[in-house]
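Residue numbers (the working numbering), protein chains in the order written: chain A, 1 to 199; chain B, 1 to 355.
Among the clues, some could well be false.
[As the list claims (entries may be wrong)] Simulated DEER-style distance windows between Cβ atoms: (1) Glu-85/A x Pro-316/B: 49 to 55 angstroms; (2) Val-183/A x Ala-313/B: 19 to 25 angstroms; (3) Gly-344/B x Leu-154/A: 20 to 26 angstroms; (4) Gly-22/B x Arg-89/A: 58 to 64 angstroms; (5) Glu-234/B x Ser-98/A: 46 to 52 angstroms; (6) Val-183/A x Ile-102/B: 42 to 48 angstroms; (7) Asn-26/A x Ile-350/B: 52 to 58 angstroms.
[Claimed, not checked] Examples of chain B residues lying across from chain A (beta carbon under 10 angstroms, computed): (8) Tyr-128; (9) Ile-141; (10) Asn-185; (11) Leu-326.
[What the hints assert, rightly or not] Partner residues aside, some chain A positions facing chain B, computed with beta carbon under 10 angstroms: (12) Phe-52; (13) Val-58; (14) Val-62; (15) Gly-63; (16) Ala-64; (17) Leu-68; (18) Leu-70; (19) Phe-71; (20) Met-74; (21) Asn-131; (22) Thr-132; (23) Arg-133; (24) Gln-186; (25) Val-189.
If you are wondering where the hints come from, they were derived from the structure by calculation, not from laboratory data.
Glycine included, each C-beta is placed from N, C-alpha and C at the ideal position.
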Amino acid sequence: MIGHILFFSLAAVLLGAAIGVITSRNPVFSAMFLVLAFFISAGLWLLLEAEFLAIVLVLVYVGAVMVLFLFVVMMLDINLAKLREGFARYAPVGVVLSLVIVALLANVFWFRAQDTPLMLTPELRSADVSNTRELGSVLYTEHVYAFELAAVILLVAIVAAITLTMRRRPGLKAQNVARQVAVRRQDRVRLVKMDADKE
Amino acid sequence: MEALLNALPGWTLLPETVQTVGVIVAQIVPILIALTLCVAYLTYAERKVIGYIQNRIGPNRVGYKGLLQPFADVLKLMLKEVVVPTNSNRFLFVIAPLLAIIPAFATWAVIPFTDSFVLADINAGLLYVLALTSVGVYGVILAGWASNSKYAFLGAMRSAAQIVAYEIAMGFALVGVLMAAGSLNLSEIVRAQAGGTLMSWFWLPLLPLFVVYFISGIAETNRAPFDVAEGESEIVAGFHVEYSGMAFAVFFLAEYANMILISALTALFFLGGWLSPFAGLPVLGDTFLAESGFFWFALKTALFLFCFLWFRATFPRYRYDQIMRLGWKVFIPVTIIWIFVLGGMVYLEIGPWAR
Chain A
1 MIGHILFFSL AAVLLGAAIG VITSRNPVFS AMFLVLAFFI SAGLWLLLEA EFLAIVLVLV
61 YVGAVMVLFL FVVMMLDINL AKLREGFARY APVGVVLSLV IVALLANVFW FRAQDTPLML
121 TPELRSADVS NTRELGSVLY TEHVYAFELA AVILLVAIVA AITLTMRRRP GLKAQNVARQ
181 VAVRRQDRVR LVKMDADKE
Chain B
1 MEALLNALPG WTLLPETVQT VGVIVAQIVP ILIALTLCVA YLTYAERKVI GYIQNRIGPN
61 RVGYKGLLQP FADVLKLMLK EVVVPTNSNR FLFVIAPLLA IIPAFATWAV IPFTDSFVLA
121 DINAGLLYVL ALTSVGVYGV ILAGWASNSK YAFLGAMRSA AQIVAYEIAM GFALVGVLMA
181 AGSLNLSEIV RAQAGGTLMS WFWLPLLPLF VVYFISGIAE TNRAPFDVAE GESEIVAGFH
241 VEYSGMAFAV FFLAEYANMI LISALTALFF LGGWLSPFAG LPVLGDTFLA ESGFFWFALK
301 TALFLFCFLW FRATFPRYRY DQIMRLGWKV FIPVTIIWIF VLGGMVYLEI GPWAR
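The shape of chain A in the complex, shown without the other chains:
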């Protein structure tokens, strides 16, 4: 009973937050609505006893990705009028895309899941079953190749992103921090010992 109340109230807030992401005029508010949506989805996952996924969602998306997002959104001078210029031109594409997504979801929910009841309550496990341990035992045995492959792809993406931003601009005056840090007192200061002046 309490589970149902929690689920439906969380779901309602999640939908509200998702609508807020696309309707708010201020991009900072959009980003904050997205943060709220992530939090609520984490709550939904907690209801399914997937505490690892729930906490990692908050850790990765709210704690790191959205911070960077906010950073960029606040830094950019976003001209809303210019962004809205092409709205009518691109609207058909958007409508088609959203129809395709709705069709895909309908396929999953109505046709493929016809035999299973909609309100499927997962079997409750005892509190000492660790979601993390179970995920790990599958991830590092059965799916280890897929896991390693994903890791390598991410590494390549990181290297590519860094290479794209690393460019040498001529005439740029940059400090060599390593050399600055390595400086010792002897290189900079000369202590001179001299007798006091006597008049």
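With the hints as your guide, set chain B onto chain A.
Only chain B this time, still in chain A's reference frame:
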């Protein structure tokens, strides 16, 4: 606590869910009050310690030896007006201090104070701690943006970049703790360090991670020498330049609660939490010194808190690009290398992993 509530007339007649919630609230309230008092006296300790380091006396007017100074400060801040700048975003401006303080307090839910007392003994405690400490930055960023002030905005930008950088080093350091303890539960992590004197704690096999974790913790809490988000010599007071009165006090409270939190976590992860360093020494017999308990946890936390104050009085502020270099180019490689070393040690069963 439960026995106390059961003594209340009519308590047992209430529905079971209400009773459970009541017990939890009855545990939360004492923790929060104790924490707030700790914060109050940490500000006093800070002024005293830094005072003595700088050959001054520090606050000594309000109450005996200045002991009532924190309450005088709180009273002053409560009576001040909260000024909301024009053209600021009022909603985010008001909510930002709350976003800073909620994670700082909520993390205490999983901190085990003794072997038996922890509010929520959850399996993924370490992940919960990491997730909530990383959420605290929103208060700073939103405060900087909503204030509609260039100085506050610069502070927020600096803070965002800094926290993302040091979050990674912190996470990697905790991966080492996780590997050593074999559990994400904070109580289990402490129990994995038991069974000997202070040499069996994780600080020795994880020494580089211990150092990286504590320094990253200082950077995460925006404390000197990493306090570029405030940087009063460059950007006035950084993200909270527009805040006054209670709104400012809440930021202040969050910063000091985070300091206590980082100290407590370092004590739990690397110095054996509530474990006594003299356990098993025959000289002490069974005095309280040989016994594990809250006393030792508090003492270890206080030790790290003193380090926070000591560093603030000792080191000059880092330059911003040097902070970034330290985080990305020094700490992250150090932690990654030590995780590999640790993997080798576990595999070859060296040191604490000898079975």
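Hint check results:
1. Glu-85/A x Pro-316/B: 49 to 55 angstroms: holds (50 angstroms)
2. Val-183/A x Ala-313/B: 19 to 25 angstroms: holds (24 angstroms)
3. Gly-344/B x Leu-154/A: 20 to 26 angstroms: holds (24 angstroms)
4. Gly-22/B x Arg-89/A: 58 to 64 angstroms: Hint holds: Cβ distance 59 angstroms, inside 58 to 64 angstroms.
5. Glu-234/B x Ser-98/A: 46 to 52 angstroms: Hint holds: Cβ distance 48 angstroms, inside 46 to 52 angstroms.
6. Val-183/A x Ile-102/B: 42 to 48 angstroms: Distance hint for Val-183/A, Ile-102/B holds at roughly 43 angstroms.
7. Asn-26/A x Ile-350/B: 52 to 58 angstroms: About 56 angstroms separates the Cβ atoms of Asn-26/A and Ile-350/B, which means 52 to 58 angstroms holds.
8. Tyr-128: holds (6 angstroms)
9. Ile-141: Check passed: Cβ of Ile-141/B comes within 6 angstroms of chain A, closer than 10 angstroms.
10. Asn-185: Nearest chain A Cβ about 8 angstroms off; hint holds.
11. Leu-326: Status holds, d = 9 angstroms.
12. Phe-52: Holds - the Cβ of Phe-52/A comes within 10 angstroms of chain B, reaching about 6 angstroms at its closest.
13. Val-58: holds (4 angstroms)
14. Val-62: Because about 6 angstroms separates Val-62/A from the closest Cβ in chain B, which is inside the 10 angstroms limit, the hint holds.
15. Gly-63: Since the shortest Cβ distance to chain B is 3 angstroms, the answer is holds.
16. Ala-64: holds (6 angstroms)
17. Leu-68: holds (6 angstroms)
18. Leu-70: holds (6 angstroms)
19. Phe-71: Where the cut-off is 10 angstroms and the nearest Cβ of chain B is about 5 angstroms from Phe-71/A, the hint holds.
20. Met-74: holds (5 angstroms)
21. Asn-131: Because about 7 angstroms separates Asn-131/A from the closest Cβ in chain B, which is inside the 10 angstroms limit, the hint holds.
22. Thr-132: Hint holds; Thr-132/A Cβ to chain B Cβ min 6 angstroms, cut 10 angstroms.
23. Arg-133: holds (8 angstroms)
24. Gln-186: Since chain B brings no Cβ nearer than about 20 angstroms to Gln-186/A, farther than 10 angstroms, the hint is violated.
25. Val-189: This interface hint is violated because 16 angstroms lies over the 10 angstroms limit.
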